[in-house]
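Asker: I would like the entire structure built from these sequences, with the hints used as guidance.
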Amino acid sequence: MFLQQIANALALGSVYALFAIGFTLIFGVLEVITLAHGAVFMVGAFAGLIAVTRFNLGIIPAILTSMLASGLLGFIIDFVAVRPLRKKKYHHLAPMIATIGCATIITSISQGIFGAEAYRFPFDFVPTKSYEIGDIQLTLLQLVIIGISFSLMIMLILLLKRTKWGKAVRAVAENRRTAALLGIPVERVFQITSFTSSALGGAAGVLTGLNFNAIHTYMGGPILHRGIAVIILGGMGDIRGAMAGGLILGFSEIMSVAYISSDFRDAISFGLLFLILLIRPSGIFGKVPERKG
Amino acid sequence: MKRVLELTEVYANYGHIQALKGISLTVNEGEIVALIGANGAGKSTALNTISGIVRAAKGKILYKGNDITKSPAHLIVRGGIVQVPEGRAILKTLKVIENLELGAFIRKDPLQIKKDIEEVFDRFPILKKRANQPAGTLSGGEQQMLAIGRALMARPKLLLLDEPSMGLAPLVVKEIFNIIQEINKNGTSILVVEQNARMALKISHRGYVLETGSIVLGDSSADLLNNKKVIEAYLGG
Ligand SMILES: Nc1ncnc2c1ncn2[C@@H]1O[C@H](COP(=O)(O)OP(=O)(O)OP(=O)(O)O)[C@@H](O)[C@H]1O
Ligand SMILES: [Mg+2]
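Chains as they are written, first to last, in our numbering: chain Y, 1 to 293; chain L, 1 to 237.
Hints are computed from structural coordinates only; laboratory data are not their basis.
Fair warning: this is a prediction, and the values are worked out from it, not measured in the lab.
Where hints are given, some of them may not hold.
Said to hold, decoys possible - Here are the simulated DSS-like cross-link-like pairs (lysine-lysine), alpha carbons at most 27 Å apart as the crow flies:
id, chain 1, residue 1, chain 2, residue 2
1, Y, 161, L, 95
2, L, 64, L, 185
3, L, 70, Y, 88
4, L, 60, Y, 88
5, L, 128, L, 114
6, L, 58, Y, 87
7, L, 70, L, 157
8, Y, 89, L, 70
9, L, 95, Y, 87
10, L, 128, Y, 164
11, Y, 87, L, 60
12, Y, 164, L, 129
Claimed, not checked - Pairwise CB distance ranges (calculated):
id, chain 1, residue 1, chain 2, residue 2, range
13, L, 40, Y, 266, 48 to 58 Å
14, L, 17, Y, 97, 49 to 59 Å
15, Y, 287, L, 40, 50 to 60 Å
What the hints assert, rightly or not - Far from chain Y, by Cβ distances over 12 Å, these chain L residues were calculated:
id, residue
16, 11
17, 62
18, 92
19, 119
20, 126
21, 131
22, 181
23, 184
24, 186
25, 205
26, 219
27, 223
28, 227
29, 229
All residues carry an ideal CB built from backbone N, CA and C; glycine is no exception.
Answerer: Structure below.
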């Protein structure tokens, strides 16, 4: 029973981590909390769904389609809502307001098109099979979800660590003026980051849609709240922190449903996050904010 | 002599603060030019305006005859003007070797980049030992060496140095200035900002004195070293 919950928790938590990793990356590089990340997630889920139902694509091509669509959406949000603020001195809340605006517009348009009902993937899109790994029974769906989300996160980490542009992204995250003095086109790095992070958010949308077999236009809100909690828990801007935070939230949600009550799921999870933050106010991997000199 | 850099009546402001009040200066090919002045005189602002980090409010900046007054910072680097900013602006969370690799961001010749990294390691052997450490763990002097080595990775034609001696022990200062002269002999023109005026004037060909945003003197460094006003105000005479 407990071991079984681990599989559920891993599937849920890895998708939270995937959502949060892009969210935290944008914060780390652009120093902006983009409250449109939930809407991007929702659009990604629908793009994946359409790729499957209209164009009969398999899961990998569908996820890639969804990533392309949500990546472009993230790029556009940055271009129309955040970039104009960058050119001026802005209050740090301004990009939040601007991206809430984007989220509202995107959600309204989607509701106009898709209504409020839940959409499903075709029956047996991912065949119902299960595998025994040790004492844990994993469904094929869970394996697919965990496999894809971890592969994407590992790819992101490798890109950041190994490639020239990945290093440029890290340079901009640390100090954009120094980066510019090295000849790094900082504005382009912002755009690449927005695209990549949103693409990962879109993939998380498809995987969530598969996990619950439901996609609807208001699925962006709850994930956004969780994403905010996860990146604060992990340490703002910290990639490992977002992964750890996502997994912790996934575990606490699944365990509270399994052993306490589904009514208290969110109360217990968020209570736990609050407790961790009391012990480590800057998050698991976060540093105490330094004075900028 | 060919002009590498020419500033004409350049102004720069921070809000209401006028940091540069119409400065004009030149750097010729193969020269080391020193820009000296007290705290807050506007030295860093001058370099940042050349680098495109601060926008000139008025005036003109020519680089090899081309107007770069409005060019974005990354294209100015691409053109060959590389700055080593004040206060060891290295990337502390990145490894030493990653700092060097990023110094070559504008280049597309991976094999030659590898060779150049080895050359930097030859010049600063301590960096080779520390190659895989986060750059933030280096000592002050090592960080300054990394900052200079990183700038060289871009193969600059004009190197802007902002107080390379700041906070370093006298022996290290000497070493850094020796290296600056060496870099210059290899064909790079240099504009160096310093509060250590004696040292800067000793290694440079010409110098300018900046006071509260205006250039009040410009002469050969040998003459500046003997100038009464300079001796009084900047050489502790
Ligand atoms: N970012 C900024 N915002 C507002 N004022 C600034 C800023 N940077 C510099 N200044 C002001 O502009 C003037 C020139 O500063 P600058 O840093 O160019 O001087 P400096 O000659 O490099 O001094 P130091 O030797 O202390 O480095 C100073 O009065 C300074 O207070
Ligand atoms: Mg200065």
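Asker: A separate judgement is required for each hint: does it hold in the structure or not?
Answerer: A quick look at each hint next to the structure:
no., hint, result
1, Y:161 to L:95, "holds, 10 Å"
2, L:64 to L:185, "holds, 19 Å"
3, L:70 to Y:88, "holds, 17 Å"
4, L:60 to Y:88, "holds, 24 Å"
5, L:128 to L:114, "holds, 13 Å"
6, L:58 to Y:87, "holds, 20 Å"
7, L:70 to L:157, "holds, 20 Å"
8, Y:89 to L:70, "holds, 19 Å"
9, L:95 to Y:87, "violated, 31 Å"
10, L:128 to Y:164, "holds, 20 Å"
11, Y:87 to L:60, "holds, 23 Å"
12, Y:164 to L:129, "holds, 23 Å"
13, L:40 to Y:266: 48 to 58 Å, "holds, 54 Å"
14, L:17 to Y:97: 49 to 59 Å, "violated, 30 Å"
15, Y:287 to L:40: 50 to 60 Å, "violated, 31 Å"
16, 11, "holds, 20 Å"
17, 62, "holds, 20 Å"
18, 92, "violated, 7 Å"
19, 119, "holds, 18 Å"
20, 126, "holds, 21 Å"
21, 131, "holds, 15 Å"
22, 181, "holds, 23 Å"
23, 184, "holds, 20 Å"
24, 186, "holds, 20 Å"
25, 205, "holds, 25 Å"
26, 219, "holds, 30 Å"
27, 223, "holds, 33 Å"
28, 227, "holds, 33 Å"
29, 229, "holds, 33 Å"
In summary, the numbered hints that this structure violates are 9, 14, 15, 18.
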